[in-house]
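Q: Starting from the given sequences, assemble the full structure and let the hints guide the process.
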Amino acid sequence: MKHIKLILVLAAAMGLGACQSKVEYGDATEVETVNENFGSSDLQAITARMVDDMMSFPTVVAMTVKDRPVIFVDKIKNKTSEHIDTESVTDSISNKLLRSGKFRFIDMTKVDAVRKQLDYQNNAGMVDPSSAINFGRQIGAQFMLYGNLSSIVKQDGSTKDVYYKMTMRLMDLETGLIEWSDEKEIRKTKSKSFLGL
Numbered sequence: 013m014k015h016i017k018l019i020l021v022l023a024a025a026m027g028l029g030a031c032q033s034k035v036e037y038g039d040a041t042e043v044e045t046v047n048e049n050f051g052s053s054d055l056q057a058i059t060a061r062m063v064d065d066m067m068s069f070p071t072v073v074a075m076t077v078k079d080r081p082v083i084f085v086d087k088i089k090n091k092t093s094e095h096i097d098t099e100s101v102t103d104s105i106s107n108k109l110l111r112s113g114k115f116r117f118i119d120m121t122k123v124d125a126v127r128k129q130l131d132y133q134n135n136a137g138m139v140d141p142s143s144a145i146n147f148g149r150q151i152g153a154q155f156m157l158y159g160n161l162s163s164i165v166k167q168d169g170s171t172k173d174v175y176y177k178m179t180m181r182l183m184d185l186e187t188g189l190i191e192w193s194d195e196k197e198i199r200k201t202k203s204k205s206f207l208g209l
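At position 97 of the sequence shown the residue is numbered 109 (the working numbering), and the sequence of numbers has no breaks.
Check each hint, because a few of them may be wrong.
[To be verified] Below 25 Å or equal to it, Euclidean Cα-Cα: the simulated DMTMM-like pairs (lysine to aspartate or glutamate) are:
(1) 78 - 184
(2) 196 - 65
(3) 196 - 64
(4) 108 - 184
(5) 108 - 119
(6) 196 - 94
(7) 89 - 197
(8) 78 - 97
(9) 91 - 173
(10) 91 - 64
(11) 91 - 195
(12) 114 - 86
(13) 114 - 194
(14) 114 - 184
(15) 202 - 94
(16) 166 - 94
(17) 114 - 65
(18) 89 - 119
(19) 166 - 197
(20) 89 - 124
(21) 87 - 97
(22) 87 - 64
(23) 177 - 65
(24) 78 - 119
(25) 87 - 103
(26) 200 - 173
(27) 89 - 65
(28) 204 - 173
(29) 166 - 97
Simulated from the structure, these hints should not be mistaken for lab results. Because the structure is a prediction, the values reported are computed rather than measured.
A: Here's what the structure looks like:
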C-alpha cells in the first residue's frame, strides 16, 4: 500500500511539473506566425514600409528640406473584422516620423488634458501669473496624416486567406490637397492538415 501511495505521489508531482509553463524573452523584431490574424510582425512591416515610402516621396522630400512641418496623426481606422490595436499602429508611424527629424507633431489625443492644465494655470488663482502659459499660443498643424486598415477574409475548406490593406494620406490643412497617399498590403494563408493540426 505504501508503494502505491509513493507511486501516486511521484506521478502527481511529475504531472504537475509537466504542466508548468515556461516564459522566455524573445526578439521583438522576429517574425511572428502564431496564426493568420494581424500581429506584431505585420505592424512592424507595414509601418516601416509606409514611413519609408512617405519619407522618400518627392513632394514630402521637398517640403522637409528646409522646414519641419507640423503634423497631427489621426488614429488609424480599423475596418477589419478583428480587434486590432490601431492606436499602436498610429503610435509606431508617429514615432518613426518624429525620429526622422523631418516633422514636428501635435498630439490631438491630449487636447482636453492641455486645455484643463491651461485653464488651471490661468483661472484657478493658484499659479503665479508671470509663469502661467497663456491661451492661444500653440502652433497649429499644417498637415493631417490619416488612414484605414481593412481586410478581406476568404475560406475554402481547410484553407483560410486573409488580405490586409493599409491606406494612408497626408493632407495639407490649408488647401485640402492630398500631398501623399499610399497603400501597403499583406496576405496571410493558413492551411489545416488532414488531422487538423
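Q: It remains to establish, for every hint, whether it holds in the given structure.
A: Hint by hint, here is what the structure shows:
no., hint, result
1, 78 - 184, "holds (17 Å)"
2, 196 - 65, "holds (10 Å)"
3, 196 - 64, "holds (11 Å)"
4, 108 - 184, "holds (20 Å)"
5, 108 - 119, "holds (15 Å)"
6, 196 - 94, "holds (18 Å)"
7, 89 - 197, "holds (16 Å)"
8, 78 - 97, "violated (35 Å)"
9, 91 - 173, "holds (17 Å)"
10, 91 - 64, "holds (23 Å)"
11, 91 - 195, "holds (14 Å)"
12, 114 - 86, "holds (18 Å)"
13, 114 - 194, "holds (19 Å)"
14, 114 - 184, "holds (16 Å)"
15, 202 - 94, "holds (16 Å)"
16, 166 - 94, "holds (14 Å)"
17, 114 - 65, "holds (14 Å)"
18, 89 - 119, "holds (17 Å)"
19, 166 - 197, "holds (16 Å)"
20, 89 - 124, "holds (21 Å)"
21, 87 - 97, "holds (10 Å)"
22, 87 - 64, "holds (19 Å)"
23, 177 - 65, "holds (15 Å)"
24, 78 - 119, "holds (23 Å)"
25, 87 - 103, "holds (9 Å)"
26, 200 - 173, "holds (6 Å)"
27, 89 - 65, "holds (20 Å)"
28, 204 - 173, "holds (12 Å)"
29, 166 - 97, "holds (22 Å)"
In the structure shown, a violation is registered for the earlier hint numbered 8 alone.
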